[in-house]
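**Student:** If you want the building blocks of each chain, they are given just below.
Number of protein chains: 2
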Amino acid sequence: MSHRCAILAAMVSMDTLVSLCKRRGFVFQSSEIYGGTGSCWDYGPLGVELKGNIKRVWWRDFVQRRPDMVGIDASILMHPMVWKASGHLDHFTDPMVDCRECKLRFRADQVDALPWTHYCPATKGNKFTIPAGEPCGHCGARRTLCPDCGKGELTTPRQFNLMFKTFMGPVEEDAAVTYLRPETAQAMFVNFENVLQSMRLKLPFGIAQTGRSFRNEITPGNFIFRTREFEQMEIEYFVNPHDRVEGRPADEYWHDRWIEDCLAWFRRYGLRDENLRLREHERDELSHYSKRTVDIDYRFPIGWSELMGIANRTDFDLKQHAKASGKSLSYFDEERKEHVVPYVVEPAAGVDRALLAFLADAYLEEEVRGEKRIVLRFHPELAPVKVAVLPLLKKREDIVRTAHAIRDDLARHWRAVYDDTAAIGRLYRRQDEVGTPYCVTVDVQTVGDTDKGERADGKVTIRDRDSMEQIRVPESRLGAVFGELLGGQSWADVAARVGRA
Amino acid sequence: MSHRCAILAAMVSMDTLVSLCKRRGFVFQSSEIYGGTGSCWDYGPLGVELKGNIKRVWWRDFVQRRPDMVGIDASILMHPMVWKASGHLDHFTDPMVDCRECKLRFRADQVDALPWTHYCPATKGNKFTIPAGEPCGHCGARRTLCPDCGKGELTTPRQFNLMFKTFMGPVEEDAAVTYLRPETAQAMFVNFENVLQSMRLKLPFGIAQTGRSFRNEITPGNFIFRTREFEQMEIEYFVNPHDRVEGRPADEYWHDRWIEDCLAWFRRYGLRDENLRLREHERDELSHYSKRTVDIDYRFPIGWSELMGIANRTDFDLKQHAKASGKSLSYFDEERKEHVVPYVVEPAAGVDRALLAFLADAYLEEEVRGEKRIVLRFHPELAPVKVAVLPLLKKREDIVRTAHAIRDDLARHWRAVYDDTAAIGRLYRRQDEVGTPYCVTVDVQTVGDTDKGERADGKVTIRDRDSMEQIRVPESRLGAVFGELLGGQSWADVAARVGRA
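Residue numbers (this note's numbering), protein chains in the order written: chain L, 16 to 516; chain P, 16 to 516.
Hints are not guaranteed to be accurate.
The list makes no distinction among identical chains, and a pair is therefore deemed to hold if it is satisfied within one copy or across any two copies.
Derived pair list, reagent style EDC-like, types lysine to aspartate or glutamate, alpha-carbon separation capped at 20 Å [stated by the list, open to error]:
{"hint": "1", "residue 1": "K306", "residue 2": "D330"}
{"hint": "2", "residue 1": "K139", "residue 2": "D299"}
{"hint": "3", "residue 1": "K217", "residue 2": "E412"}
{"hint": "4", "residue 1": "K467", "residue 2": "E267"}
{"hint": "5", "residue 1": "K217", "residue 2": "E232"}
{"hint": "6", "residue 1": "K409", "residue 2": "E380"}
{"hint": "7", "residue 1": "K180", "residue 2": "E232"}
{"hint": "8", "residue 1": "K342", "residue 2": "E149"}
{"hint": "9", "residue 1": "K410", "residue 2": "D124"}
{"hint": "10", "residue 1": "K387", "residue 2": "D479"}
{"hint": "11", "residue 1": "K180", "residue 2": "E289"}
{"hint": "12", "residue 1": "K180", "residue 2": "E349"}
Just so you know, these hints were derived from the structure itself, not from any lab.
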């Protein structure tokens with residue numbers, strides 16, 4: 016690839032991504048014209064396509080193609096008993112302390128990590144801001160009061176529930192309290208019996224769901240990495256704990272299988288090996304319901320952090336809901352003639368985090384013929400726009416008309432755009448920057464030039480984003496060629512067959 | 016179609032649909048094991064596919080294929096100022112009255128339509144329940160007190176806001192009050208400038224969004240017709256009010272175009288003409304922001320009701336948000352060299368209502384050879400399952416293996432299922448009842464019978480749901496044949512070409 020002089024940036028900063036996302040219509044701050052909303056983000060025209068593609072491909076690979084998976088789509092507002100039984104009402108909390116003076120609230124486990132305000136008695140009460148964890152340089156005191164106002168005592172820690180609370184029905188009374196779901200998982204458990212019966216399923220099988228969840232995080236942040244409103248892609252995979260597969264308990268076997276499958280999935284759609292790692296939860300870190308949990312970590316711009324987790328939740332949830340509801344949530348094993356409460360393996364991913372990872376990993380700055388090029392090397396299945404159709408001469412009405420017609424035709428099957436608002440070099444750069452894998456250009460040769468006596472050859476140029484190579488194909492063959500290119504065949508194979516331009 | 020003896024039911028009742036939906040995994044009551052949640056429903060394995068197909072086809076037809084449309088996906092929790100500026104905080108209300116005794120709350124405009132409790136002085140205070148609107152037969156009194164307890168006076172009506180309220184951040188104080196969006200529309204207005212700039216759009220253009228909205232309805236009901244949590248498919252189409260199209264103001268022209276396009280869309284995917292009508296809003300019925308609104312009504316099992324509305328919202332919303340935010344929300348017209356606030360045409364549809372309409376319209380009971388058949392005649396693009404692969408002999412391992420392999424192969428492209436838990440007639444009926452357009456059967460001829468010296472012919476049978484006709488095709492041709500059948504070609508055309516079995 017002789018055109019590539021140098022890769023300018025191997026790792027993208029969060030600021031660069033946030034800026035690109037806003038400028039090119041991937042992600043906007045929610046309610047930005049009103050100063051924004053605490054940690055909520057809106058997906059713009061390209062972001063909604065990228066996010067939709069991630070969800071679509073995930074659903075296709077993990078639900079549609081597998082014979083052992085079905086999906087559901089449950090409501091966000093569920094019965095409060097769901098959260099009582101699941102333990103969220105009692106245990107989904109952070110410890111908080113309040114300042115008795117200024118009433119500010121802090122996470123108890125984070126208050127020591129804040130710089131603190133100090134009115135120093137050794138300097139006639141002068142006010143200082145002292146770095147976190149350090150004593151006053153004048154009087155040697157350490158922080159005991161509110162780190163913000165420096166005056167009030169802090170209360171003893173109290174547990175603050177992270178679920179968003181609302182009221183269903185016209186009266187704001189205790190009986191009407193409802194919560195926005197903090198995870199989609201519980202819907203799969205409370206619908207277990209309905210799904211099992213209506214679909215005549217046999218173990219092992221899984222239920223998948225994508226959808227919004229809400230957590231009233233005290234310290235959200237890092238762009239779309241940790242937000243109060245977020246989207247999940249969760250699977251609850253039910254197995255018979257009495258079964259053995261390859262000599263091991265079925266739940267342990269399937270746990271490992273799902274870890275492999277999820278890791279392979281992120282690799283297949285573009286995340287590089289060196290940015291992925293598995294992290295086994297330590298014993299004291301495990302949730303109360305978990306027998307074993309493994310995270311897939313990704314090297315985000317903020318450092319290694321959780322991309323998704325795969326937990327063995329055992330029979331905890333089904334048993335909790337059976338006890339709380341008085342309904343039997345079990346499976347009848349025809350061979351053993353016994354009722355059994357399935358174990359559950361839970362691969363749980365965040366859509367927003369997956370999007371951030373795909374975006375970060377796709378980002379590349381390189382120097383091409385002395386100029387900087389920013390390119391998002393999205394997998395074609397994830398790219399928000401598949402093809403951009405660009406007229407080489409905006410003034411030639413026949414070229415413009417042909418380009419529009421090609422876009423309309425391609426758009427029957429794929430997201431395709433038309434752009435004529437700059438010179439061709441600039442148009443290419445714009446498409447590179449949003450990760451469009453292919454551009455089609457229509458030029459004078461395509462439509463011919465009667466003034467000069469040049470006949471139309473009916474061919475257009477396809478340019479590949481990553482190699483910047485070009486091939487020339489008849490307009491009538493475009494659908495077939497893109498069927499190949501966007502259906503999984505490599506540029507190299509297709510270009511070799513067609514012949515590079 | 017000689018096999019069809021009679022159509023048994025032309026119109027399906029809501030009870031029949033609710034029952035079918037639960038039994039076959041379309042829709043379950045939310046949190047059913049805990050007695051359900053007020054008017055919330057969960058989509059089951061087939062419901063999630065049907066709903067997903069409706070949204071996918073809508074997005075493809077109205078966003079992907081059009082050059083003048085883009086999408087967004089905004090957060091549900093928006094800045095409270097959005098709802099102040101839009102008018103929802105002050106005006107999105109129902110008038111409510113409370114009983115001073117029993118504290119029960121009623122919608123003021125519906126209280127007269129309830130049966131009422133009366134302690135009749137003419138019969139020594141005996142308690143009667145009297146039909147709505149009627150006087151007591153003994154003393155002639157009319158209702159003045161609480162219709163439920165019959166004792167308390169009702170307060171004067173107060174406005175009750177229909178938005179769900181919650182608190183963002185750790186403190187439940189006024190400053191933290193946030194609302195669950197009651198419509199997706201406002202996100203398109205507050206993101207107008209970001210979308211316009213990042214996508215370099217020119218008027219007219221539209222922004223589309225699908226997503227959940229929440230309304231704390233006092234009287235939800237009728238299955239998924241009116242629910243407190245629901246999903247919308249909304250478009251805000253921005254036009255230059257100074258432009259004229261075909262001799263008319265652009266907003267009026269586009270309003271009519273969108274009414275036509277939406278109506279055509281519902282027809283194309285299966286709703287019958289006789290179940291659709293347009294209804295023009297009367298002057299006194301128009302929302303305060305609307306110049307003109309036309310509903311597309313559908314003849315639901317509960318009678319003619321709104322399926323979607325198409326409103327001309329004028330420049331009301333953009334002007335409101337510009338005023339409240341201090342930001343300019345306008346468009347610069349290059350030709351006229353002037354800033355203009357666009358008018359907005361809003362085609363707003365409910366996903367759940369669309370699903371209910373497609374379900375009701377697809378439902379058919381007919382008599383076939385003396386037996387009742389229930390069939391959902393879904394458009395193939397909407398059908399939750401596209402192909403069911405059925406082995407004719409469950410005991411023949413080679414037939415079963417072949418059937419599984421066919422399912423796996425088809426499932427790469429389409430939702431396909433395998434079923435062997437009943438005899439073939441019953442399996443067909445099951446698939447008819449959930450609207451699967453095609454079944455593939457694998458029989459002895461397909462795989463051959465070495466014991467009898469019969470050679471495999473490698474052909475399988477495809478059965479059409481609606482005509483119940485069958486064709487026999489080589490297994491290797493299945494992908495191509497379903498590419499045609501599920502890509503828009505009619506059964507009649509394909510069957511004529513292949514030759515009926």
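**Student:** Look at each hint and say if it fits the structure.
**Tutor:** Now the hints, each set against the structure:
{"no.": "1", "hint": "K306 x D330", "result": "within (10 Å within a copy, 58 Å between copies)"}
{"no.": "2", "hint": "K139 x D299", "result": "neither (47 Å within a copy, 71 Å between copies)"}
{"no.": "3", "hint": "K217 x E412", "result": "between (62 Å within a copy, 19 Å between copies)"}
{"no.": "4", "hint": "K467 x E267", "result": "neither (74 Å within a copy, 46 Å between copies)"}
{"no.": "5", "hint": "K217 x E232", "result": "neither (38 Å within a copy, 40 Å between copies)"}
{"no.": "6", "hint": "K409 x E380", "result": "neither (29 Å within a copy, 58 Å between copies)"}
{"no.": "7", "hint": "K180 x E232", "result": "both (13 Å within a copy, 18 Å between copies)"}
{"no.": "8", "hint": "K342 x E149", "result": "neither (56 Å within a copy, 44 Å between copies)"}
{"no.": "9", "hint": "K410 x D124", "result": "neither (65 Å within a copy, 63 Å between copies)"}
{"no.": "10", "hint": "K387 x D479", "result": "within (18 Å within a copy, 57 Å between copies)"}
{"no.": "11", "hint": "K180 x E289", "result": "neither (41 Å within a copy, 45 Å between copies)"}
{"no.": "12", "hint": "K180 x E349", "result": "neither (43 Å within a copy, 48 Å between copies)"}
Going down the numbered hints, you'll see the structure goes against 2, 4, 5, 6, 8, 9, 11, 12, while the others check out.
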